[in-house]
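**Q** Protein sequences, first through last, are from chains A and B. Mapping of the first sequence onto this note's numbering: residues 1 to 154, in sequence order. Mapping of the second sequence onto this note's numbering: residues 1 to 443, in sequence order.
Treat each hint with caution, since some may be false.
[Claimed, not checked] Each pair of labels, with its calculated beta carbon distance range:
#: 1; chain 1: A; residue 1: 6; chain 2: B; residue 2: 303; range: 44 to 54 Å
#: 2; chain 1: B; residue 1: 78; chain 2: A; residue 2: 146; range: 48 to 58 Å
#: 3; chain 1: A; residue 1: 53; chain 2: B; residue 2: 3; range: 50 to 60 Å
#: 4; chain 1: A; residue 1: 136; chain 2: B; residue 2: 317; range: 22 to 32 Å
#: 5; chain 1: A; residue 1: 107; chain 2: B; residue 2: 177; range: 51 to 61 Å
#: 6; chain 1: A; residue 1: 110; chain 2: B; residue 2: 410; range: 39 to 49 Å
#: 7; chain 1: B; residue 1: 27; chain 2: A; residue 2: 152; range: 48 to 58 Å
#: 8; chain 1: A; residue 1: 152; chain 2: B; residue 2: 246; range: 44 to 54 Å
#: 9; chain 1: A; residue 1: 142; chain 2: B; residue 2: 41; range: 33 to 43 Å
#: 10; chain 1: A; residue 1: 2; chain 2: B; residue 2: 12; range: 33 to 43 Å
[Said to hold, decoys possible] Lysine-lysine pairs mimicking DSS-like chemistry, simulated, CA-CA at most 27 Å apart:
#: 11; chain 1: B; residue 1: 186; chain 2: B; residue 2: 339
#: 12; chain 1: B; residue 1: 34; chain 2: B; residue 2: 186
#: 13; chain 1: B; residue 1: 224; chain 2: A; residue 2: 12
#: 14; chain 1: A; residue 1: 9; chain 2: B; residue 2: 224
#: 15; chain 1: B; residue 1: 380; chain 2: B; residue 2: 186
#: 16; chain 1: B; residue 1: 77; chain 2: B; residue 2: 179
#: 17; chain 1: B; residue 1: 224; chain 2: B; residue 2: 71
#: 18; chain 1: B; residue 1: 34; chain 2: A; residue 2: 12
#: 19; chain 1: B; residue 1: 356; chain 2: B; residue 2: 179
#: 20; chain 1: B; residue 1: 179; chain 2: B; residue 2: 224
#: 21; chain 1: B; residue 1: 179; chain 2: B; residue 2: 146
#: 22; chain 1: A; residue 1: 9; chain 2: B; residue 2: 179
#: 23; chain 1: B; residue 1: 179; chain 2: B; residue 2: 34
#: 24; chain 1: B; residue 1: 186; chain 2: B; residue 2: 77
#: 25; chain 1: A; residue 1: 9; chain 2: B; residue 2: 77
#: 26; chain 1: B; residue 1: 146; chain 2: B; residue 2: 34
#: 27; chain 1: A; residue 1: 12; chain 2: B; residue 2: 77
#: 28; chain 1: B; residue 1: 34; chain 2: B; residue 2: 71
The hints are simulated quantities; they were obtained by calculation from the structure and are not laboratory data. For every residue, glycine included, the Cβ atom is placed at its ideal position computed from N, Cα and C.
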Amino acid sequence: MTTQAQIEKLRKQYPESRSAVLPALRLAQEEHGGWLPPNALRAVADALDATPAYCLSIASFYDQFRLEPVGQHLVEVCTNVSCALSGAQQVVEAFERELGIAAGSTSPDGAFTLGTVECLGGCGWATVVAVDNRHRLRVQADDVAGIVEELTGA
Amino acid sequence: MPERPQIVFAGTNGGAVTEIAEYEAGGGFAALRKARTMAPDEVIAELEASGLRGRGGAFFPTGRKWAFVPKPDQLPKPHYLVVNADESEPGTFKDREIMLRVPFRFLEGCLIAAHAISSQHVFVYIRGEYEQEFEVLRDSLDAIRKAHLLDGVTVVLHRGAGAYICGEETALLESLEGKRGQPRTKPPFPAIAGLYAAPTAVNNVESIATVAPVLEMGAEEYAKLGVENSTGTRVFSLSGDVVNPGNYELPHGITLRELVYDVGGGVPGGRDLKAIIPGGSSTPVLTAAEIDTPLDFTSLVQAGSSIGSAGVIVIDDRCCMVQLGIRVSQFYEHESCGKCTPCRVGTRWLTQILQKIEEGRASQPDLDLLLSVCDRILGKCLCPLGDSDAIAVLSYVDRFRDEFQAHVDLGRCPFGGGSSLEGILAPSAMHDRHAPRTTRVPA
């Protein structure tokens with residue numbers, strides 16, 4: 001099913017088609033390698049009878065939408081209070097060392113984007129690391145080399 | 001060890017019930033069948049009698065909330081049930097475990113609640129970061145559909161996309177309508193003009209997951225659990241400096257000491273307890289001396305705090321409270337939707353003043369300024385986001401005034417780089433690395 005057709009199906013779930021903008025942007029982002037280039041915003045706008053500017057205003061509000069290219073793997077470390085108390089900063093720094101990039105940036109070969117995020121809702125299983133939006137729980141600095149190896153090998 | 005009655009997690013034996021046959025064999029959907037033989041008002045009356053109050057943080061009586069929704073003949077528009085599964089309050093991680101372990105009890109509660117408010121349309125607004133939880137709910141919903149239990153009700157699982165503010169009910173409704181998640185003015189309240197300006201009840205996941213058990217066991221039995229004004233059990237999320245973090249379903253009214261020490265195993269490494277945040281990062285901090293405070297609505301109000309979302313964060317003596325203030329403030333600054341000026345500007349200002357104190361650049365008037373900015377946020381915005389930051393920071397200063405004063409007097413952090421939060425990189429600060437700030441705190 002094309003993205004257009006999937007969005008058509010999505011909008012029928014709602015009394016007003018504009019409600020489908022979040023799921024539609026999510027679909028478009030998945031289709032475009034994890035970010036929303038201008039043509040993706042255009043496509044969503046056309047499918048929902050909105051404008052690209054409207055879609056941009058939505059995409060820029062929500063953290064999970066990205067308006068710049070991201071690496072093949074997206075690594076996000078929660079640094080909110082409970083994770084921070086459990087060693088999240090050491091986990092961040094271990095990823096920075098292993099990947100050779102600072103948090104908030106993408107590796108030159110486009111393989112990894114590394115960042116910190118606000119609370120992922122896993123405080124009791126700290127530190128939580130989202131790898132490509134899947135949560136790894138109880139991550140410690142010592143685990144980081146293994147995670148990076150697993151991702152580069154895959 | 002305190003008693004551990006299992007209501008929300010009944011029948012799971014510590015695991016998950018994700019097969020519909022297993023759930024039905026354990027008595028599942030009996031409450032739904034019973035509810036559908038009852039008039040909506042009878043269901044509402046049962047919930048009112050149970051004393052169940054909202055588990056999202058506001059603690060509003062669930063039955064009364066439903067009673068506020070006009071009857072279809074009073075307001076002939078579609079009625080909506082919206083479930084707030086946008087769990088994002090730091091320290092809180094109970095709703096995701098409920099959705100993973102008892103998805104059918106949760107969805108059964110949705111259908112009973114829909115019946116109670118005469119709604120044919122349920123929207124579950126689930127946090128965008130919850131991938132696995134979404135998949136479990138989607139599969140469970142498919143099973144319910146195939147078992148012909150929906151009875152004409154549509155249930156839509158709507159995924160958020162990363163915005164704490166969407167946990168605020170009117171921001172959530174805006175987001176569900178395809179807009180930026182910015183809170184609305186109230187009144188009108190959602191019960192009258194909610195989703196698509198139609199009558200809407202907005203309930204938390206844990207509240208909804210408690211509805212079927214209340215009907216099964218009866219309001220009277222349920223109300224015997226817990227304490228006055230706080231009946232029933234609560235899924236407490238325990239995290240931070242504690243030996244056994246995790247979610248624990250316990251009756252309201254157990255003390256912090258029972259939760260942290262008897263259930264949670266105490267503070268690791270023989271270190272000393274310093275502080276406890278009892279209900280998510282928005283609630284005022286308590287000191288170690290307040291460890292015997294019972295965890296119920298009234299007791300926490302009397303202690304000057306709040307039960308909030310029951311996300312209990314344990315903090316040991318390594319933590320600098322100014323650094324805690326910075327990290328909490330950075331969160332609210334990051335999540336402010338920008339609609340109200342006191343919140344948009346104030347949360348950022350609080351972060352900056354706290355950083356000045358932490359770095360030893362502050363003088364006495366900066367402490368006064370900090371409190372003054374809190375005062376200028378409190379009660380001046382459409383929603384409680386800015387208030388949460390101000391309330392949290394005020395409580396750190398109130399309970400740990402000497403520590404704040406020491407930063408000013410010494411001209412440095414008294415922890416000398418040894419605090420457990422030292423150097424923690426918040427997302428808002430990460431962005432600053434690439435684009436340095438130009439605004440400054442006025443001298």
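**Q** Take the C-alpha atoms of residue 179 of chain B and residue 34 of chain B, compute the straight-line distance between them, and say whether it is at most 27 Å.
**A** Not satisfied, since the Cα-Cα distance of roughly 38 Å exceeds 27 Å.
**Q** Does residue 179 of chain B lie within 27 Å of residue 9 of chain A when you go C-alpha to C-alpha?
**A** 20 Å, holds
**Q** Are residue 186 of chain B and residue 77 of chain B close enough, with their CA atoms no more than 27 Å apart?
**A** 20 Å, holds
**Q** Holds or violated: residue 34 of chain B with residue 12 of chain A, Cα cutoff 27 Å?
**A** It is violated: about 32 Å lies between the C-alpha atoms, which goes past 27 Å.
**Q** Hinted pair, alpha-carbon criterion (27 Å max): residue 12 of chain A, residue 77 of chain B. Please report holds or violated.
**A** Holds, at about 19 Å.
**Q** Is residue 34 of chain B within 27 Å of residue 186 of chain B, Cα to Cα?
**A** 35 Å, violated
**Q** Between residue 110 of chain A and residue 410 of chain B, does the beta-carbon spacing fit 39 to 49 Å?
**A** 47 Å, holds
**Q** Taking the Cβ atom of residue 78 of chain B and the Cβ atom of residue 146 of chain A, is their distance within the range 48 to 58 Å?
**A** Holds, at about 52 Å.
**Q** In this structure, is the beta-carbon distance linking residue 2 of chain A and residue 12 of chain B contained in 33 to 43 Å?
**A** Holds, at about 41 Å.
**Q** Residue 77 of chain B and residue 179 of chain B: Cα distance at most 27 Å?
**A** 22 Å, holds
**Q** If you check the beta carbons of residue 53 of chain A and residue 3 of chain B, does the distance land in 50 to 60 Å?
**A** 58 Å, holds
**Q** Does the alpha-carbon distance linking residue 179 of chain B and residue 224 of chain B stay inside the 27 Å limit?
**A** 43 Å, violated
This entry does not satisfy hints 5, 8, 9, 12, 13, 14, 17, 18, 19, 20, 21, 23, going by the numbered hints stated previously.
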